[in-house]
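Protein chains in written order, with the numbering used here: chain E, 191 to 359; chain Y, 14 to 433.
Hints were generated in silico from the structure; no laboratory data involved.
A couple of the hints might just be wrong.
Claimed, not checked - Beta-carbon label-pair distances, calculated as ranges:
(1) Y:403 x E:321: 49 to 57 Å
(2) Y:18 x E:321: 53 to 61 Å
(3) Y:268 x E:209: 50 to 58 Å
(4) Y:380 x E:292: 41 to 49 Å
(5) E:221 x Y:296: 46 to 54 Å
(6) E:320 x Y:46: 52 to 60 Å
(7) E:272 x Y:332: 41 to 49 Å
(8) E:221 x Y:403: 51 to 59 Å
Every residue, glycine too, gets a C-beta built ideally from N, C-alpha and C.
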Amino acid sequence: MPDFRSDRPLDTNLLGRANDVLFHEAALLDGQDYAAWLEMWAPDALYIVPTAYESLEDYSTVLNYIHDDADMRRRRVQRLLSGSVHAMTPPSRTLRSVSQVRLLERDALRDEVRVTSSLYILVARSGTQRMIGAQVEHRLRLGSAAPIAGKICRLLDADQAQGDLTFLI
Amino acid sequence: MRLDLDSLPALVGPDWIDGRLYTCADIFEREIERIFEGGWVWVAHESEVAQARSFKTLAIGRQPVIVTRTDKGELVTMLNRCRHRAATVCQAERGHASRFVCAYHGWSYTPEGRLVGVPQPEGYEGVLDRSALGLKTLRTESYGGLVFASLNDAVAPLSDYLADAKPWIDRFNRQAAGYPLVVLGDHRFQFEGNWKIPMENTTDGYHLPVVHNSYLRFVESETSDRLASVMASDELYCLTLGNGHSVGIFDADAIDLDLPSRKPVPKHYEQLARELSGSLPTADVARILRAVGGVGFNLNIFPNIALSGAFLRELRPLGVDRTEVRHIALGMGGGPAAANRARLRIHEQFQGPAGLGSSDDREAWERVARGARAGGDMAVLLNRGVNRERAAGNARRAHATDELGMRAAYARWREVMADA
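Please model the complete structure; the sequences and the hints are all you need to start from.
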């Protein structure tokens, strides 16, 4: 596990530290280590996968594929770990590639950065392989053990009919 | 798979169907002609085309159509096909337009479908009768906010077609707590399988504790108790409503939301109650809390929609083994933002490709589609509860977990498909 609580001052290699978090998150999800993934989240964070590609200020007033607070995230992960999810029997295998990581903003007061990235997920299951693309925005608290303070995954084809998305974006 | 279509009546029994109903491409072609292009098909909720000149596009069967609201407030459905050289005249899925302009040669039409513009008309002098060349309009009728259209001009009135489903549509609409019920958004997903597999699913109380085991274990206990009680309770029933429609009750306390509840308000609505209490009188708060979780029944309207608890499910047949499913979220039009936020979060929890419920339904349907490739003419059984089914007036009634609704839907299917 990388150390997100590094003593390095925030203004050195912020991008590298953001990369550490994003790559670690992708590895946990590819490894289906959902329990460890859950621990990466700050308690006040929202995990959102919208049904439209266009960015919105407030996703709480529209329908999303996923709009999880800490409680709903925990239920989702408990279900995934229960071993009785038909949509994951057999499990989808995923391979994620995170690229184009860019720092958009730094909130020194809250020790937060806003980071966008391009996400490609190759999903293999039941003899078929498909590709999912998304623009992802993270808010990260790089000084925290639970660094993910918010995440919005805008699927490239969010407004089109989806295949199964149980494995998490 | 090829099949002699004259043998169709022999493929549907009173309590079983031949498995080839899911897999035979010839049967699918006839379904498109007879069921989707010959009868009433749901095309919109009125709230989706609320404003004058708003429109929505979709297909009835395979035929692209536009649903519009005219300046006079009327709903019109017309073929999305230019009268000149057949190009679609509207490409967007929804929006506002005062004219539909064909991009090929520039012919333009009003929201009523009238042809009003033909560029460079010199060559058409004495040739074109513009008044006869509007977009072809279809029979369009609505009930309780649900808009249906038919490619068949001779189809019986919608009101007759909906039969005894109408009072259940009225009851479904009460979940808006006095506000108009409106569309808030939709979840779209596809699966590899026939459209009739999910048609059965919304009248299938039997599958709830099995397919949704992992959902029931991790949602709020009030929600899981509500759904798990379907198996245990004797007072829960399924009722046929005519023309292949049926209703299945999963929570008798939430059949008529205008009547007081026998149960306490679920704990997970406490925060919503506090938010609403700041700005609304106690009676209004109580009415919203009563309604916010939706009704306690699934209403199946043959062939391809279901009003299910708190949402509307639409099935779009894309091929014999490919179906698009839309789970449409509904809310209180002009109602408190907190109540609609709660409705959205309830929908997201269960529904859609990432939902804790739909994802397992989808998997079960694909397994049915895959399994049905085996065994050729082997039967798919619909006989649960056949011996406890009984007459109830003109209808038939059985337990909520029985397969009565499926038997009713396939009896209608046989009638429409097997007629010479």
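These are the hints, each one checked on the structure:
Look at residue 403 of chain Y against residue 321 of chain E: about 53 Å separates their beta carbons, and that is inside 49 to 57 Å. Take residue 18 of chain Y and residue 321 of chain E: their Cβ atoms lie about 40 Å apart, and the range 53 to 61 Å is violated. Distance hint check: the CB atoms of residue 268 of chain Y and residue 209 of chain E are about 55 Å apart, consistent with the given range 50 to 58 Å. Distance hint check: the CB atoms of residue 380 of chain Y and residue 292 of chain E are about 42 Å apart, consistent with the given range 41 to 49 Å.
Range check, residue 221 of chain E to residue 296 of chain Y: about 53 Å between beta-carbon atoms, so the 46 to 54 Å window is met. Checked against the hint of 52 to 60 Å, the C-beta distance between residue 320 of chain E and residue 46 of chain Y comes to roughly 32 Å, which is inconsistent with it. Range check, residue 272 of chain E to residue 332 of chain Y: Cβ separation about 34 Å, and the 41 to 49 Å hint is violated. For residue 221 of chain E and residue 403 of chain Y, the Cβ-Cβ distance of about 55 Å falls inside the hinted range of 51 to 59 Å, so the restraint holds.
Comparing the model with each earlier hint shows violations of hints 2, 6, 7; every other hint is respected.
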